[in-house]
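Chains as they are written, first to last, in the UniProt record's numbering: chain A, 1 to 397; chain B, 1 to 397; chain C, 1 to 148.
The hints are simulated quantities; they were obtained by calculation from the structure and are not laboratory data.
Don't take each hint at face value.
Computed list of lysine-lysine pairs in BS3-like fashion (alpha-carbon distance at most 30 Å, straight line) [unchecked claim]:
(1) B:Lys81 with B:Lys136
(2) B:Lys136 with B:Lys50
(3) A:Lys81 with B:Lys220
(4) C:Lys87 with C:Lys74
(5) B:Lys217 with A:Lys113
(6) A:Lys217 with B:Lys136
(7) B:Lys114 with A:Lys50
(8) B:Lys114 with A:Lys113
(9) C:Lys50 with C:Lys133
(10) A:Lys113 with B:Lys50
(11) B:Lys90 with A:Lys114
(12) B:Lys316 with C:Lys133
(13) A:Lys113 with A:Lys263
(14) A:Lys90 with B:Lys396
(15) C:Lys87 with A:Lys217
(16) C:Lys53 with B:Lys396
(17) B:Lys393 with C:Lys50
(18) A:Lys98 with B:Lys391
(19) B:Lys220 with A:Lys114
(20) A:Lys114 with A:Lys217
(21) A:Lys81 with B:Lys233
(22) B:Lys136 with A:Lys2
(23) A:Lys233 with B:Lys113
(24) B:Lys233 with B:Lys136
(25) B:Lys393 with A:Lys114
(26) B:Lys391 with C:Lys87
(27) C:Lys87 with A:Lys233
(28) C:Lys53 with B:Lys393
(29) B:Lys233 with A:Lys98
(30) B:Lys393 with A:Lys113
(31) B:Lys136 with A:Lys81
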Amino acid sequence: MKTRIYLDNAATTKTSQEVVDAMLPYFTEDYGNASSIYEIGQRSREAITKAREQIAQVIGAKTEEIYFTAGGSEADNWALKATFEAYEGKGNHIITTKIEHHAILHTCEYLEKKGARITYLDVDENGLVDLEELQKAICPETILISIMFANNEIGTIEPIKEIGMIAKEHGVLFHTDAVQAFGQVPIDVDDMNIDMLSSSAHKINGPKGIGFLYIRKGVKIRSFVHGGAQERKRRAGTENVPGIVGYGVAAKRAAETMEERTKKERELRDYFIQRVLEEVPYTKLNGDPVKRLPNNMNFSFRFIEGESLLIMLDMKGIAGSSGSACTSGSLDPSHVLLSIGLPHEIAHGSLRLTLGEDITKEDLDYTLEQIKEIVGRLRELSPLYEDFVRKQKNSKN
Amino acid sequence: MKTRIYLDNAATTKTSQEVVDAMLPYFTEDYGNASSIYEIGQRSREAITKAREQIAQVIGAKTEEIYFTAGGSEADNWALKATFEAYEGKGNHIITTKIEHHAILHTCEYLEKKGARITYLDVDENGLVDLEELQKAICPETILISIMFANNEIGTIEPIKEIGMIAKEHGVLFHTDAVQAFGQVPIDVDDMNIDMLSSSAHKINGPKGIGFLYIRKGVKIRSFVHGGAQERKRRAGTENVPGIVGYGVAAKRAAETMEERTKKERELRDYFIQRVLEEVPYTKLNGDPVKRLPNNMNFSFRFIEGESLLIMLDMKGIAGSSGSACTSGSLDPSHVLLSIGLPHEIAHGSLRLTLGEDITKEDLDYTLEQIKEIVGRLRELSPLYEDFVRKQKNSKN
Amino acid sequence: MYSEKVMDHFQNPRNVGEIENASGVGTVGNAKCGDIMRIYLDIDENQIIKDCKFKTFGCGAAVATSSMATELVKGKTIQEALQVTNKAVMEALDGLPPVKVHCSLLAEEAIHAALWDYAEKHGIKIEGLTKPKSDIHEGEEEEEEEEY
Ligand SMILES: Cc1ncc(COP(=O)(O)O)c(C=O)c1O
Ligand SMILES: Cc1ncc(COP(=O)(O)O)c(C=O)c1O
Ligand code: FES
Ligand code: FES
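Construct the entire structure; sequences and hints are all you get.
Pasting the structure below:
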């Protein structure tokens, strides 16, 4: 069955037709090298400048502070590795959280091998970092705080402005992985004291394979990809002009529609969450109920396992994703769900559904009906559920 | 004036319509995350597998030896930096040449700061490395030889098979930057003993922002971009599915048309070179006349400066590029032209023209007429030409 | 990349050529990019620049600034010609891209060199003119050199 209801927009989104249309001329007409002198290359260069402006505007940055990358992962790698190199004279200590994306966590592990000391902050049961813990973790060797703007699995939005303030007070750089937040919540790098910020186009109906790292002017930064003089000599490689153009259009669009779109999403989200919690027994909402991305819904259904649930939903035309990592090359349950205190077997039975702009109430009603049925069927299959029911019966007797 | 004759195909190419058409469904229909479990993601995954096969075939590799990157620069950075890390137990010595692309040279400079010792081999006046020099440079600490397959400025094709043999005999890894060679000359990684190979799609009528690094099975390799489990856990980041699909089609196409296309290009190339050398006085061909990329033509016109020539050609609708680096953020003349022994002022007066599949003999005839006129005009402007003419007069008297 | 004025002076450079028996000739080179400019001045007994010609081996900006500089000094007195700085030339051309600022320095220096040659030939001293360098290494407009 063809996917009819796509509820995995936190993984990636459909590239909107408007974005594709904007990209097309840069494949077959204005395909010149943007670093070249001739007229066809100049048109590419102008297109890049425009996209840079469109993006800078969304976060209140200057255009020359936006550096294009191949996506969020590269931006995260760059921010951490280059800061570690550029500030080794100051110290080797980096503070992050236990619930970051792997692009941050695995980079941190890599840096540990290179001599970095990393503090991984705990989060509370809603996924929020504790500002006092953060304060306490800062020491004279601290060169960087890297805390995600919003979590990709449970949707929790961190207190970024407060973190920025703390970083500023202590003279420590602040990087935020805003891959999930960009275009979903208002961001102002000055107001929030953000020094570096990562983002990825394909999360906001832009193309895959393009992202950016915002680097505040004055931050010492080293290159991550060495070579040609592109991106103010900071990131080598022939510019992905169609990708950059598409990103610009997607960013502009996301900013313009943000208020209305997220208002609608929040309503749908809360409607759905409420119904699921009411109508599916032994179910828990993961993540903060309020400080939450407008499009994120994450549930744990006790006694069942996520992959089975996902496949069955898929057979009904519904695409979601799971905290269960069987799909992503590792069999460990999600580090995020474990960090907010879920036991292994409950973390395994999680489902993330993330809204996109086309999703309607009817879609969600249909999804709920399917979930109810599938969860019921899987519980019938589950020895855990059997034990649970037996135990309950016994305790009643 | 709109560019009518695009002769800068070594910089970047037009994405062919067939490639764009193949990419389109992956923007707006099969846009699912290739790492996900559901059906729409599976279609992305299958498309990636197919592209990987199409590419692997061109160089005689196994599909699982192809790792997608954001382009040639990232592939070059990855090959060098990761090898340096993975083999630090064996040694710190890398051998390369003076005429590599900046993606190699600047990465080498970076590695020197990290403790690498780099030998930059000289080349002869045609741009060819000396195999004996290479032999002599190898020492017990040598972990890698990185020599480009073909040079991007002067088109010289290096003796890759011989280099591969030497590398193998000495048990040293061999990486080649084949960004200019892939799809233009036959490549067989086994026959040529290549352990790693970089390539970039936009050089062969594929999209910008996608490349690959071939890594022979058995080579110890570290990640360059850390994070998610994509690319066999070696290169993190949501897969650029449209880019990868486009690359696959472009690679297949390049391989299928190679024989016929390059035969035609070689004829046009040699026709044009001969006419330029005969009809424009004080002109030199740069690069090897025979061991040369089928689409590359590079001339030095004495007494004139490249940028002026480029701009004037552009005004006549002809896009080329220059050894003069005024255009690329640095004012030094091309390191390649200096390495083959050109004096500064002659290196400055260079013009690179690189053929694409649509170029006709008539285009080249028109281009030649324009070059003759413009070179004449610029020489009238040139104090160097004035001095030269005066000296000649005096010596006659 | 270039303004319309730059393109105009590049495509149709004014005052290209040599002056036979010129009152002063100045040739300067820019060590930074290897470009070379030569200016010829024809100066009358009232120290008025009656004619001015140039030859340039250089980029589009170098050609355009030479052309504009010759236009600006023509008909001026020596003292007025000294006021034709690279900034004045750039302004007259509606600006240059940052990497091309050094090209305009060539024009200023070439005029100074030609005036110096004139002064030497005629055994006079020109107020405010110092011996020009034949190689220009300007320190200004240098991009901050950072590690990458
Ligand atoms: C020989 C060579 N290596 C590497 C590159 C870098 O490729 P990309 O610009 O796609 O990163 C290029 C082209 O720019 C090249 O010609
Ligand atoms: C929070 C977060 N950071 C980083 C990334 C990596 O972005 P990309 O896959 O575009 O490299 C993602 C998405 O995959 C994400 O959700
Ligand atoms: S039983 Fe299949 S992944 Fe655990
Ligand atoms: S005069 Fe050298 S770049 Fe313009």
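Going through the hints against the structure:
1. With a C-alpha separation of about 24 Å, the suggested pairing of B:Lys81 with B:Lys136 holds against the 30 Å cut-off.
2. Restraint check for B:Lys136 and B:Lys50: not satisfied, since their Cα atoms lie roughly 43 Å apart, outside the 30 Å limit.
3. For a cut-off of 30 Å, the pair hint linking A:Lys81 to B:Lys220 stands: about 21 Å separates their Cα positions.
4. With a C-alpha separation of about 17 Å, the suggested pair C:Lys87 and C:Lys74 falls inside the 30 Å cut-off, and the hint holds.
5. With a C-alpha separation of about 25 Å, the suggested pairing of B:Lys217 with A:Lys113 holds against the 30 Å cut-off.
6. As the CA atoms of A:Lys217 and B:Lys136 are separated by approximately 47 Å, the hinted pair breaks the 30 Å bound.
7. Restraint check for B:Lys114 and A:Lys50: the C-alpha separation of about 37 Å exceeds 30 Å, so the hint is violated.
8. Taking the CA atoms of B:Lys114 and A:Lys113, the gap is about 15 Å. The hint holds against a cut of 30 Å.
9. About 25 Å separates the Cα atoms of C:Lys50 and C:Lys133, which keeps this hinted pair within 30 Å; it holds.
10. This hinted pair does not check out: A:Lys113 and B:Lys50 have alpha carbons roughly 36 Å apart, beyond 30 Å.
11. Restraint check for B:Lys90 and A:Lys114: the C-alpha separation of about 18 Å stays at or below 30 Å, so the hint holds.
12. As the CA atoms of B:Lys316 and C:Lys133 are separated by approximately 38 Å, the hinted pair breaks the 30 Å bound.
13. Our distance criterion of 30 Å between C-alpha atoms is broken by A:Lys113 and A:Lys263, whose separation comes to about 45 Å.
14. Pair hint A:Lys90 plus B:Lys396 does not hold up; C-alpha atoms about 69 Å apart against a cutoff of 30 Å.
15. For the given pair, C:Lys87 sits about 27 Å from A:Lys217 by alpha-carbon distance, which is consistent with the 30 Å threshold.
16. With a C-alpha separation of about 27 Å, the suggested pair C:Lys53 and B:Lys396 falls inside the 30 Å cut-off, and the hint holds.
17. A threshold of 30 Å between alpha carbons decides the hint, and for B:Lys393 with C:Lys50 the separation of about 29 Å falls inside it, so the pair holds.
18. Among the hinted pairs, A:Lys98 with B:Lys391 is inconsistent with the structure: their alpha-carbon atoms are about 76 Å apart, more than 30 Å.
19. A threshold of 30 Å between alpha carbons decides the hint, and for B:Lys220 with A:Lys114 the separation of about 18 Å falls inside it, so the pair holds.
20. With a C-alpha separation of about 27 Å, the suggested pair A:Lys114 and A:Lys217 falls inside the 30 Å cut-off, and the hint holds.
21. Restraint check for A:Lys81 and B:Lys233: the C-alpha separation of about 19 Å stays at or below 30 Å, so the hint holds.
22. Between the alpha carbons of B:Lys136 and A:Lys2 the distance comes to roughly 62 Å, so the proposed pair goes past 30 Å and is violated.
23. Between A:Lys233 and B:Lys113 the alpha-carbon distance is near 18 Å, which keeps this suggested pair within the 30 Å criterion.
24. A distance of roughly 37 Å separates the Cα atoms of B:Lys233 and B:Lys136; the hinted pair therefore is violated under the 30 Å criterion.
25. Taken as a hint, the B:Lys393 and A:Lys114 pair is broken in the structure, with Cα atoms around 67 Å apart against an allowance of 30 Å.
26. With a C-alpha separation of about 36 Å, the suggested pairing of B:Lys391 with C:Lys87 is violated against the 30 Å cut-off.
27. With a C-alpha separation of about 27 Å, the suggested pairing of C:Lys87 with A:Lys233 holds against the 30 Å cut-off.
28. The hinted pair formed by C:Lys53 and B:Lys393 meets the criterion: a straight-line CA distance of about 22 Å does not exceed 30 Å.
29. A hinted pair counts as satisfied when its Cα atoms are at most 30 Å apart, and B:Lys233 with A:Lys98 qualifies at roughly 20 Å.
30. For a cut-off of 30 Å, the pair hint linking B:Lys393 to A:Lys113 is broken: about 70 Å separates their Cα positions.
31. Between B:Lys136 and A:Lys81 the CA atoms are separated by roughly 36 Å; this puts the pair beyond 30 Å, and the hint is violated.
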